[in-house]
Amino acid sequence: MRGRGRGPLLVSAEPVSFYGGVDPLTGEVMERGHELYGRSIAGVVLVFPYGKGSTVGSYTLLRLAKRGKAPAGIVNLVSEPIVVVGCMLGGIPLMDSPDPDPFTFERKLNGLEAELVVEEGIGLLRVIPRVRGEEENS
Amino acid sequence: MVQLVPEERKMLSGSLGEGVALAMETVVKVAEVLGAPKLVKISSAHISGVSYRNLGEEGVEFLEELAAKGARFSVPTTVNPAGFDLEAHSEMGVGEEEYELQMRIVRALVSMGARVTLSCTPYLISPPSFGEHLAWAESNAVLYANSVVGARTNREGGPLSVLEAIVGRAPYVGLHADEGRAPTVVVNASGVKSFVEETGAVSALGYLLGAEVKRGVPLLANAPRNIAHPGNLRLFLAAVGAASSIGMVLIENVSPEFRRVEGLEEIPLEEGELEGVLERWSGEEFDAVVLGCPHLSPGELAELASRMKGRRVKRQVLVFTSRWAASRAADAVAALKGNGVKVYADTCMVVGNLSALGIRRCATDSAKAAYYLSNQGYEVVLAPRDSLLKAVLERS
Numbered sequence: 027m028r029g030r031g032r033g034p035l036l037v038s039a040e041p042v043s044f045y046g047g048v049d050p051l052t053g054e055v056m057e058r059g060h061e062l063y064g065r066s067i068a069g070v071v072l073v074f075p076y077g078k079g080s081t082v083g084s085y086t087l088l089r090l091a092k093r094g095k096a097p098a099g100i101v102n103l104v105s106e107p108i109v110v111v112g113c114m115l116g117g118i119p120l121m122d123s124p125d126p127d128p129f130t131f132e133r134k135l136n137g138l139e140a141e142l143v144v145e146e147g148i149g150l151l152r153v154i155p156r157v158r159g160e161e162e163n164s
Numbered sequence: 037m038v039q040l041v042p043e044e045r046k047m048l049s050g051s052l053g054e055g056v057a058l059a060m061e062t063v064v065k066v067a068e069v070l071g072a073p074k075l076v077k078i079s080s081a082h083i084s085g086v087s088y089r090n091l092g093e094e095g096v097e098f099l100e101e102l103a104a105k106g107a108r109f110s111v112p113t114t115v116n117p118a119g120f121d122l123e124a125h126s127e128m129g130v131g132e133e134e135y136e137l138q139m140r141i142v143r144a145l146v147s148m149g150a151r152v153t154l155s156c157t158p159y160l161i162s163p164p165s166f167g168e169h170l171a172w173a174e175s176n177a178v179l180y181a182n183s184v185v186g187a188r189t190n191r192e193g194g195p196l197s198v199l200e201a202i203v204g205r206a207p208y209v210g211l212h213a214d215e216g217r218a219p220t221v222v223v224n225a226s227g228v229k230s231f232v233e234e235t236g237a238v239s240a241l242g243y244l245l246g247a248e249v250k251r252g253v254p255l256l257a258n259a260p261r262n263i264a265h266p267g268n269l270r271l272f273l274a275a276v277g278a279a280s281s282i283g284m285v286l287i288e289n290v291s292p293e294f295r296r297v298e299g300l301e302e303i304p305l306e307e308g309e310l311e312g313v314l315e316r317w318s319g320e321e322f323d324a325v326v327l328g329c330p331h332l333s334p335g336e337l338a339e340l341a342s343r344m345k346g347r348r349v350k351r352q353v354l355v356f357t358s359r360w361a362a363s364r365a366a367d368a369v370a371a372l373k374g375n376g377v378k379v380y381a382d383t384c385m386v387v388g389n390l391s392a393l394g395i396r397r398c399a400t401d402s403a404k405a406a407y408y409l410s411n412q413g414y415e416v417v418l419a420p421r422d423s424l425l426k427a428v429l430e431r432s
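Top line first, the protein sequences correspond to chains A and B.
The numbering used here numbers the first residue of the first sequence as 27 and each following residue consecutively.
The numbering used here numbers the first residue of the second sequence as 37 and each following residue consecutively.
Just chain A, with the same shape it has in the complex:
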């Protein structure tokens, strides 16, 4: 999905289920046992492999967006319809198939400020440099 978003990076190696897994009013991850349990996805650039669970999850993304609690942007390794439709309806920038794979340096990324810019057919996730910049393209 085209668009531009900026926020701290939040990286999950586990897939995310939006319906039932994320509170549609606050953006807090409610799925017990999930590595993001208790964290908020509001305003972050959320990086996870792909979505899972019920397709009602698309509406959860829309609900979050309408309340200003949606992620500022989403990066997926593989896009699937739940997240694609949710980002489309909620106007959330979505990038997929990032290269290099952000999970190879996950620890370094978490919490860093990043900007996601997605234009026709191309996405750029830019980690805001503190001392020196890191960039990746897709």
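Treat the hints with caution; some may be incorrect.
[Claimed, not checked] To spell it out: a stretch of chain B is covered by chain A in this simulated footprint if at least three of its residues, at any positions, have a beta carbon under 8 Å from a beta carbon of chain A; those stretches are: (1) 61-69; (2) 194-207; (3) 335-344.
[What the hints assert, rightly or not] Residues on chain B that point at chain A, a partial pick, calculated with CB under 8 Å: (4) G85; (5) L91; (6) H169; (7) A173.
The set of hints was computed from the structure by calculation and includes no laboratory data.
In this text, a Cβ means the ideal position worked out from N, Cα and C, and glycines have one as well.
With chain A's structure known, arrange chain B on it following the hints.
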């Protein structure tokens, strides 16, 4: 790249309205992500995610905005159950605010041209034909259309099906294409065949198959004979859908596209595994028996009514069906009510609110209902319909 025909490009351009353009843009994006080479025209759509409890205020606004932007369904479109029986909402403990939210959803869907079937069994109400392409979102209906009718639909998803109904097209990929309908794995049921035939545990069998296979197109070999009974078939397929992302099962003597393929991996189902499924929902106590996941057919309502002749219920029995089936089997519904059974249309135990009826522990014959109800915090007993009825009926 998704190849679009001129009419599809016109929808995308916005000249047919903003709603149509948003719908087309999203359908094309999904097609791109799924690797579909083109879109395919559909002959009907079925929308899930209709209950106010699933959609919330923002989901309702989304449907209203689409309708206000002039979007209309371009193919016959049916819809899944609502959060309560539209004609018995106060009896079901539904407040005015919730009633109004649900009615806004219904009105938005109607204004876009939906038929207010409010049922998970569109295949009974407006049966599709072999080979037709559909955009159906409810998983049990998707499994039925593909496995029993030979119609073609993926598990399109609730929000996507709304958009596909507007543009009248779905991404041509997965179960829409010939190559997506070939069996990917053989499931050998010989180890559980006699157990299921003796106990009637067809729904637990579906759940086990789903949990073991998870995706693809399983071919079921050595299926128990009782699986072909229409009511059992629906229970079986619904349970497959609840436990997996499977959209089609090839069943011998049932599926028109059943064919054996050499060299596939074979997964045997064991009796112990099936007992494991039953044990998961094996309590003794329950406040109510809840039937109708999927919605009972007119035939099942009649069967139930004749079973109850001269008997009454010792504990609450709730039956969920479509308004279509209830009107077709009006005598049976009246007889059931006379026997003390509560019959509700438009809704079901999964998307409705049993706790508002004072129910905490329920017994059901549907593993799909058992799965979703236990996720919602209810205590659940799963047992075949016959033994549930034996437990709650007494001579009157």
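Okay, the hints, checked on the actual structure:
1. 61-69: Since 5 is at least three, the answer is holds.
2. 194-207: holds (count 4)
3. 335-344: violated (count 0)
4. G85: holds (5 Å)
5. L91: holds (6 Å)
6. H169: Violated: closest Cβ of chain A sits about 17 Å from B/H169, beyond 8 Å.
7. A173: holds (7 Å)
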